[in-house]
Amino acid sequence: MDQVNKKLLILDLDETLIHATEQPLSYRYDFRVGHYYVYKRPEVDRFLNFCAEYLKVAVWTASSEAYADSVVGQLVGQKLSLEFIWARGRCVTKFDSENYQYLFLKDLKKVKKKGFSLESVIVVDDSPEKLSRNYGNLVRISPFEGDQSDAELIHLMPYLKSLIPHTDVRKIEKRGWRRRLTQPPFNH
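If you count the sequence shown from 1, position 125 lands on 142 in this note's numbering, and the numbers rise without skipping.
Rather than coming from a laboratory, the hints here were simulated on the basis of the structure. Among the hints, a few may not be true.
Calculated pairs, DSS-like style, for lysine-lysine (alpha carbon to alpha carbon, straight line, at most 25 angstroms) [to be verified]:
| # | residue 1 | residue 2 |
| --- | --- | --- |
| 1 | 191 | 23 |
| 2 | 191 | 127 |
| 3 | 126 | 191 |
| 4 | 96 | 111 |
| 5 | 188 | 23 |
| 6 | 131 | 111 |
| 7 | 191 | 24 |
| 8 | 96 | 23 |
| 9 | 188 | 126 |
Could you put the whole structure together from the sequences, leaning on the hints where they help?
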């Protein structure tokens, strides 16, 4: 596919591509980052290969930069060229007075300033509140907390592929995307 016209897919890390925990789960972890045991979401390698073929790919997490770099280095390595790896420092901090906690928002104006058209940006994240300023770009994924039978990424591939031909992905209703799948899970 023509690299210039590819849509930009921004991926979250925690509970989207991986699950990191201070206490090991009942099965072997994939790698460690500091004191965290890190478990890759099932089929994440296949998913990333699919993404590399059809989309430009970036990572944006609300975690620290050191953590993001370490996880991405072990998860992706040299197999995938990323447009950028952004961490908490690129998020907008907002205090949630209802829950008395800080939220780290991912404001896509920053992506636009980097030269990407928001009509062609898709964000996959498990936390919709982080994309409250750009909800039309969000494909919400269910949180991964270590379930080895999780099949979310396999189902996500054909859905993402269905978004590629659209001029403005923000105009496509993405809520309930799983129910709208017309093809079986992707066999790439």
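Margin query: Going through the numbered hints above, which ones does this structure break? Give me the numbers in ascending order.
Written below: 4
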